[in-house]
Amino acid sequence: MVLLLVRRLFWAVPVLFTVVAVAFLLLHAAPGGPWDTRLQKAAMPGISMDEATRKVLYHRFSLDKPLWRQFVRYLFGDLDENGHFVCGLICGDLGPSYRQRGNTAQNMLFGAPEGKPFWESCFFYSIRLALLALLIALVVGIPAGVTAALKQDTWIDHGITLIATLGISVPNFVIGLILIATLVSAGVGFSVVPRTWSDPWVWIIPAVVLGFGTMAATARLTRASMLEVMRADFVRTARAKGLAEQTIVSAHMLRNALIPVVTLLGPALAELVAGSFVIEMMFGFPGMGRLYTDSVIWKDYPLILSATLLYAALVTLVNLGVDFAYGLLDPRIRAR
Amino acid sequence: MTRFAQPKREEPGAPALSQPSHGLWTDVWHRLVRRKRAVFGLAVIAFFALVAVLAPVLAPHDPLQLGFGHTFLPPSWVKESATGRVGDPQFLLGTDTAGRDILSRLIYGTRASMFIGLSTTPIVAVVGTLIGLGAGYAGGRQGNLIMRVTDVFYAFPAIMFYVLITLTLRETAFGKWMNGLATLLLALVLIGWVGLARLTCSAVLSIKESQFVEAARSIGASNRRIVARHVLPNCLSLIVIWMAFAIPRMIMIEAVLGYLGIGLIPVVDSSQSFFVTTWGGLFLDGRMAINTHPIMLLAPTLCVALVGMAFAFVGDALRDVLDPRMRNLI
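Read top to bottom, the protein sequences are chains Y and S. Reading the first sequence from the start, the letters are residues 1 to 336 in our numbering. Reading the second sequence from the start, the letters are residues 1001 to 1330 in our numbering.
In isolation and in its complexed conformation, chain Y is listed as follows (with noise of 0.2 Å):
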């Protein structure tokens, strides 16, 4: 078990290689640098950089060495000047951003605004975001599935499947889209997208938009396993020797129900972590995701990289953690 969970970390180590391989390669081979892009030129209209200005920028992050000499530079690290060694990206270092003088790619993931906690980060704005939209997904969907399976072929039962079978055909960011253009629409008293975040009702609707698929897979699948377990063995035994409904139902039926439930949770987790830029750029919410499109309009490269390489180990790691309960869940596994 320990072997196999040593073995598949070391197998992150080249997948996250190649991701940042193909995320540099890519972002090089773009034409134009960080300090020409169409925006800075909307930005200054008229007035274009000028060739020394230029160079020395070039010079100073090292964008006029060769490209091989570059990624070894980030990935690795490089001497600098006086001769001194810099180390890279295996040293955690994820380099400077460009867009924002004398601020580092850490600092603008990681660092929260002067005086808050470190949980006021991007980074954490975005975990907490995609942590909430799981909590949310999970105490709606699993009470609609059991409902659902328990009222099987009524009304509130077909209800129930229209709606899960909408959430997991019809992409998040189309159900956001469709909520906003309709509650404008209405004409609703508060704004959909709000100016602070510091008020905890207002992550509700974006969480709710972020987790909404995640809330249908999750009652289609607690809908599914409670059928099977209703008709097994052990529920008649339940009824036979004269139990409560409601100890059937929590006791005996909700909890062998819940075993696959248990097991959507690791992939929907990673799948809310990444969806969630899309999401959180709709309604303005200042995580990770609105920060990876605005480097990449800006060509901020260290920080594209670097948030590439954050989402990718987040759900190789997420991946690897579910792997491992697995392992703990179920014997088999573990034998291997």
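Just so you know, the hints here were simulated from the structure itself, not pulled from any lab data. A hint or two may mislead.
Not everything, but these chain S residues come out facing chain Y in the computed CB check (under 7 Å) [said to hold, decoys possible]:
1. 1252
2. 1309
3. 1312
Ideal Cβ placement from N, Cα and C applies to all residues, glycine included.
Chain Y is fixed; fit chain S onto it per the hints.
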């Protein structure tokens, strides 16, 4: 409720034994059309496909025709909009910032989006199937290596890959070719094959061990013949089901990229490109006008949602008809 003698529920549409036998796909079709949801899905898909094909006939206006006398009109049923304008029955869904007819743009957008979904999926399916077949049938070290490469692609956050690749190619000659359509198709094909390759590979691994393959080998069939005649046909239902779910996914990815403003390059001159706009492009237009003109966002999103649901219904039904065991896989 007694739980003792449960009559087996007849599968709806299961052919009676007295009927003459048909081929597999005829049979699948007959069972499919007996499912209400599948028929609904097929009808919706047929409707949108028809709209796509007949776009020039159906569109009431030229989707690129600017009209400065009637910009930002609300839908025709609105008496007075937020901007104080009255709907014109000539423009059923109103007009956008440049006075272009929204309904016509929606119809032309349908054409492009349906084309993207329906054209990329077969290409991706062929690539994915070939890789999966190769890796699964070769097995051993080579097969393992191929699957490890697939794993790497699988871990790559797909949407970020699309964003990166479109941004890379956007300013190049290739990126401007067909208004960015070529780039989009390339991006979709480059990463779309991964899921199918994994599915096919695991299917092949189990088919390869079956007795009919052993029998074929014992009578001296070549590898090529075994793959073509015995392995591939048994993967076919998997591939068909996967395709039903892949088509809407391709449409969605285009829509996301369009919404982010990195989809197809907007067309202003009809001689420039075959495609005027896509659903993704309409999303972007709608996003800009969300406060005054929510219909511009609502109309394309509802189309996307409807098509997504239709394909999901058909895919679900196909899976139930072809191979219910695949319920946990796709």
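Structure-based check of each hint:
Given the 7 Å rule on beta carbons, the hint for residue 1252(S) holds: about 5 Å separates it from the nearest Cβ of chain Y. Interface hint status for residue 1309(S): upheld, as the beta-carbon distance to the closest one in chain Y is roughly 5 Å, under 7 Å. Nearest Cβ of chain Y to the Cβ of residue 1312(S): about 3 Å, under the 7 Å cut. The hint holds.
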